[in-house]
Amino acid sequence: MTAVFLTFVLLLSIFLGFEVISKVPSTLHTPLMSGANAISGITLVGTIAALTTGQSAMGIILGTAAVCMASINVFGGYLVTDRMLSMFKKREKGGK
Amino acid sequence: MTAVFLTFVLLLSIFLGFEVISKVPSTLHTPLMSGANAISGITLVGTIAALTTGQSAMGIILGTAAVCMASINVFGGYLVTDRMLSMFKKREKGGK
Amino acid sequence: MSLNLIINFSYVISAALFIFGLKMLSSPATARKGNIISALGMLIAVVMVLFSQGLDYKWILLGMAVGAAIGIVAAKRVAMTAMPEMVAVFNGFGGGASLLLAWFAYVSQYNGAAAAPLFTAVVILLSIMIGGTTFSGSLVAYGKLSEKIPGNPYLFKGQQLANITVLLGALLLAVLFAQDPGTGYPWLLGLIMIALVFGILFVIPIGGADMPVVIALLNSYSGLAACAAGFVINNNILIVAGSLVGAAGLILTKIMCKAMNRSLNNVLFSGFGAVSGKAGGREQHGEVKAASAEDVYYILEAADSVVFVPGYGLAVAQAQHQVRELGELLEENGTEVQYAIHPVAGRMPGHMNVLLAEANVPYDQLIEMDDINPKMDTVDVAMVIGANDVVNPAALEDESSAIYGMPIIEAYRAKNVIVLKRSMNPGFAGIENELFFGENTRMLFGDAKESITALISEFKG
Amino acid sequence: MSLNLIINFSYVISAALFIFGLKMLSSPATARKGNIISALGMLIAVVMVLFSQGLDYKWILLGMAVGAAIGIVAAKRVAMTAMPEMVAVFNGFGGGASLLLAWFAYVSQYNGAAAAPLFTAVVILLSIMIGGTTFSGSLVAYGKLSEKIPGNPYLFKGQQLANITVLLGALLLAVLFAQDPGTGYPWLLGLIMIALVFGILFVIPIGGADMPVVIALLNSYSGLAACAAGFVINNNILIVAGSLVGAAGLILTKIMCKAMNRSLNNVLFSGFGAVSGKAGGREQHGEVKAASAEDVYYILEAADSVVFVPGYGLAVAQAQHQVRELGELLEENGTEVQYAIHPVAGRMPGHMNVLLAEANVPYDQLIEMDDINPKMDTVDVAMVIGANDVVNPAALEDESSAIYGMPIIEAYRAKNVIVLKRSMNPGFAGIENELFFGENTRMLFGDAKESITALISEFKG
Ligand SMILES: NC(=O)c1ccc[n+]([C@@H]2O[C@H](COP(=O)([O-])OP(=O)(O)OC[C@H]3O[C@@H](n4cnc5c(N)ncnc54)[C@H](OP(=O)(O)O)[C@@H]3O)[C@@H](O)[C@H]2O)c1
Ligand SMILES: NC(=O)c1ccc[n+]([C@@H]2O[C@H](COP(=O)([O-])OP(=O)(O)OC[C@H]3O[C@@H](n4cnc5c(N)ncnc54)[C@H](OP(=O)(O)O)[C@@H]3O)[C@@H](O)[C@H]2O)c1
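Chains A, B, C and D supply the protein sequences, listed in that same order.
Numbering follows our numbering, in which position 25 of the first sequence is assigned residue number 25; successive positions increment by one, without gaps.
Count along the second sequence starting at 1, add 96, and that's the number in our numbering.
Count along the third sequence starting at 1, add 192, and that's the number in our numbering.
Count along the fourth sequence starting at 1, add 653, and that's the number in our numbering.
Hints were generated in silico from the structure; no laboratory data involved.
Glycine included, each C-beta is placed from N, C-alpha and C at the ideal position.
Careful, some of the hints might be misleading.
[Claimed, not checked] Derived list of chain D stretches under chain A, where covered just means 3 residues or more per stretch with a C-beta under 8 Å from a C-beta of chain A:
| # | stretch |
| --- | --- |
| 1 | 872-886 |
| 2 | 915-922 |
| 3 | 1078-1088 |
[As the list claims (entries may be wrong)] Partial list, computed: chain A residues near chain C (C-beta under 8 Å):
| # | residue |
| --- | --- |
| 4 | Val4 |
| 5 | Thr7 |
| 6 | Phe15 |
[Claimed, not checked] As a list, the in silico EDC-like pairs of lysine to aspartate or glutamate whose alpha-carbon atoms are at most 16 Å apart:
| # | chain 1 | residue 1 | chain 2 | residue 2 |
| --- | --- | --- | --- | --- |
| 7 | D | Lys907 | A | Glu19 |
| 8 | C | Lys225 | B | Asp178 |
| 9 | D | Lys676 | A | Glu19 |
| 10 | D | Lys1113 | D | Glu947 |
Chain A with its partners taken away, still in its complex shape (with noise of 0.2 Å):
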C-alpha cells in the first residue's frame, strides 16, 4: 500500500513540477537550474537519518561520505544560485 501513496505522490509532484516550470524565461535557465539541484540535495535529510550509532566501519564512511557529498550539494548550491541572482537584481538597479 505505501507503493500505492508513493506512486499518487510521484504523480502529483510530477504535475506539479510541470505546471510550475513551465514558460520560464531563458535568462533564468541557469540558476533556476542551480536552484532545483540544490533541493535534490534532500539526500542529505535521508543520509542524516540513516547515520544511526551502531555502524560497521565501513558503513561509517560510507555514510559520512554521503553527508559530506550531499552538504557540498546543499550549501554550495544555494550559495552559488544566490550568487547568481544577486547579480541579476544588481542590474535592475544599475538603470539610470
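Start from chain A and add chains B, C and D with the ligands according to the hints.
What follows is chains B, C and D with the ligands alone, placed relative to chain A:
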C-alpha cells in the same frame, strides 16, 4: 505514517488544484464548477468498495442510498456539463 | 501483485485523468474534451472497484441503476436556463453521499465495536459535518435559484448567535462521540441533524444572485467531504480527487468573487442587497419616458446599428428566440446587429452566452464588454433587454453605490437607449438606475418576450 | 504524537516551501526570494531530522562541516564565468550522495541479512544506477565546461554498441543481485562501477556547448536518484523533493532544447558540431578585410550609434570590464551605446547578462534580440565581440546549415560591422560565417580583451 502520506497527497493536490484552475475566463465558471462537482462524485467508488456482503438492514439502506446519491452526482454531473459545453461549441460553429 | 493493489494502481491512472480533465476544462477550446477525459477517469475507477472481493452486487447495482436513471433524466430534461440549480442539486447529492458513506461505515464497522481509533472518529465526524452542510446548503441554494423559496437574502437578528450556538452544539456532540465512538451512535445522529441545520443556516442569509459563488464554495466542500470520507474508509482516490476538487472549488470561488468585485466575506455574511433601499444614493432623477412598441419600431427601423444588451430579465422572460428573430429582421433591414455580453449578466457566469447560443445566435455577434465599450458612442440604438445592474452608470460614478467599481456596459453613451423591463423595480443589487431617467432613454414596459413579439409583428405587419 | 511523526509532518512544510521556492525561482522578479524560501525548507528538514533518535552525531557533524566548508568556499570563490561548471559539480555530488546512501543502507541493513524484499532490492539498484550515472556524468560535464578535458563532442565507432553492452551488463548484475540481495554484495560493487562508467559514456560524446542541456538533464536524474534513495530508506521528503526536481529538471531540459531550436535526441546523440566541416554549405566567400585598432577607432569615433554584440569570446577573454569602459568612452563622445543580447550567446543561458552585470553595465542598455533587430538598419556600427553563431546569417538563409532556423542578431544589416575574434576559426556550431566576408565588415583580429584595451588607449591617447 499513513497520515503523513495522506497529508503529502493533500498538500500536492491543493497546489495542483490551484495551478490548474487559476485564470479561467468567467464564461467557463459554470461548466467548470459542474465538471469539478462531477469529479467529487468519486464517493461512488468509496461506497461501492464499502458495500460488501453481510451488512445489517440499516447498513444496506445507508449503503444503497449512498451509492444512489453518488450515482446521481456522477451521471448527472458529467452529462449536464457535457450539455453545457456542447452549447459552447455550437456557438463557434454558428459563426459566419 | 494482489488484486487490491492492481485496483489501487488503477486509481493512479484515474487521478491523472482527473487532473488532465480539470486542466482542459479551464480553457474554452478544450473544455468539452476535458470533461470526457475526466469522465473516463471516473469510469476506470468505478469499473475497477467493481472487481473488489466480497461486494454485495445486487444493492450496488440497484443503487447505481436508480441513481444513474435519475441523474441522466434530470440532466437531459433540465432547461438550459436552469443549469445553475441543477448543478446545485447534483453537488448536494455528492455531499449527501459522503455523509451517508461515513454513517454507513460507522454503522457497519464501529457501532458497538470495542474502540475506533481517535483518528477514525475525527474523520467520520468531519465527513458527516461537511457532507451534511453541503447537502442541505446545496438544496437551499437550489430552492433559491429555482425560486421555490424566496431568493432574497434572509437576515435576522441574532443570526451570528444562532450560528455560533449550532457550531458549539456540534462541537459538544463531537467531543461526546469521540470519547467512546463504539457507544456514541446517538451523538452521531444528533450531529447529522446539526450538520443539516447548519447547511440551511449557512445559505439562507445569502441572496439568490450570489448563489453561483455559494455553489462553487459548496462544491469545494463536497470535495473535502469526499476527501474526509476517503480517510474513513482508507481509500486513496477519494482523497486525491476530493482534495483536488476542494482546492479547485476554493480557487474558483475566489476567481468568481473577483469577477464580481466582492470579497468572499462580503458574499457570505453581508446579505448583499437585503438592505437595498438605502443604497440608492442621489435622488435627482429626471423624468421617465415610456414608449409604445410602435414608437420603438420607428426608432429601430431608422437605426444603422443596434446593440442588444441582455441581462437576467432575458432569462426570466425566456425571450432569447424572439431576440434572435428580431435581430434577423433588423439585419434584413440593413441594420448592423451586435450583442454586448457582460461577464456577470444573468445569474451564473456565461449565462447569456449559453442562452443566446441555445437560440442559435451566431458566435461572432457576441461582443465582450471591453470590445463594445469603446465603440458605444457610434451606436444608434442600445437595446437593454432585462439588464439592470450591468448597465448602471452608478458603478462608474457613485462611490457610495453598492456596485461601485464593477465595470459595466456603457449603454448610456449610445445615441438612443431602449430599456425593456416590466416595472421600475431595481435589479439584483437593489439599487436605482439613472440610465432609465436619461435624456436619450425610452422605456418599453412589459415582459421582454411579449414586448419583443410585439416589435416583431410591427416589423412583419 | 510521536517524535517521528512530528518530524515527518515538518517535512510537509519543507515540501510546501520547496514548491513555493521553485515557483518563485521561475520568474525574474521573485527568483532570489524563491531561492531563500527553498533554502528555508531545506533548513527546516535538516534541523528536524537532527532530532531523530539514535543518530551518530559525531560523524554526521563531521560530514556536514567538511561538506559545508567545501561547498561554501567553492561557491564564494568561483568566478561568475565558471558558474555552469560549478553547478555541474554540485549536481554530481547530489547524485553521488544518493549512490552512497543506497550503498550505505545496503551495507548496514541488508548485507548478509536473511532477505531484502524484491522492492527494496530494486530501489537500491535504481538509486545506485541513477546516482552513479549522475555523479560521473556531471564530473565529465564539469571537465568539458572548464576545459580540463577537450570540449569537443567525442564520437567513436561502435559507441551505440558500447552503450548497449554496458547496459546489458548492468541488467545482468542487477538480476544476479536481486536473486539474493543478502549475498549479492559483489554484484552490487560491480554495478557501482558500471554506473560510473555509463555516466562517462553518456556525456563524453556530447559537445561542451551542449553541456547546459546535459546538466539540466542530469539535474533531473539527481532528483530521481534522491527519489529512489527515499524509497530505499522509506523517507517521504526525499521522494517528494526528488520527484519535484526530477520533473522540473526534465521540463527545463525540454525548454532549453526548444530555446536552442533542437530536439533532446539531437543534443544527446548527434554529437552536434563533431562533424563540422561539411556543414559549411556554399563557398562563394568574398574577401576578408582585416583592420587595425586605429582603423576601428576612426570608425567608432565617427559613429552616432554603436551596438555591442557579445558572445562566448567575451567570456573567454574576460573582457567585460574593458567593454564597459569602451562603452563609457563612446558615450562621453556622444555616441549612443547599446548591448544586443542573444538568448543563447555564450555557453549558458543568461551568460552575457551575468557577465555584463558583473561589470556594472546598466540594465537598460541591455537590449533583447527581438527589440534590437528591427532597429538594426539604423545602427552605425555593430561591434561583434567574440560572438559567431548568434550573428551567422546562414541561420536565416541557408537551409542546409546546422543552425538553420535559429533566430539571430542581424548584425549584418548594420551600416558597419566590426568583428573581434582571434582567427577565422568557427564558433560552437563549427560552421563558416559569411558575415565575416561581408562588404561592410572589418575584422579586428586578436584576443578581445587586448583589442579593446588597444581601442581604449586610442580613445584616451
Ligand atoms: N452572472 C453571474 O454569475 C452573477 C452571479 C451572482 C450575481 N450576479 C449579479 O447579478 C446582476 C446581473 O445583472 P443584470 O443586469 O443581468 O440583472 P439585474 O440587475 O438583476 O436586473 C434584471 C432586470 O431584469 C428585469 N426583468 C426581470 N424579469 C423580466 C422580464 N420577464 N421581462 C423583462 N425584464 C425583466 C428586472 O426588472 P423588472 O422587475 O422591472 O422587470 C430587473 O431589473 C449583477 O448585479 C451581478 O453582480 C451575477
Ligand atoms: N547560451 C547557451 O545556453 C548555450 C548552450 C549551449 C550551446 N550554446 C551555443 O553556443 C553558441 C553561442 O554562440 P556565440 O556566438 O556566443 O559563440 P560561438 O559561436 O561559440 O563563437 C564564439 C567566438 O568567440 C571567439 N573567441 C573565443 N575566444 C576569444 C577571445 N579570447 N577573444 C576574442 N574572440 C574569441 C571564437 O573565435 P576565435 O577562436 O577565432 O577567436 C568564436 O568564433 C551557439 O551556437 C549556441 O547555440 C549556447
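*Contradicted hints - numbers only*: Structure breaks hints 2 and 3.
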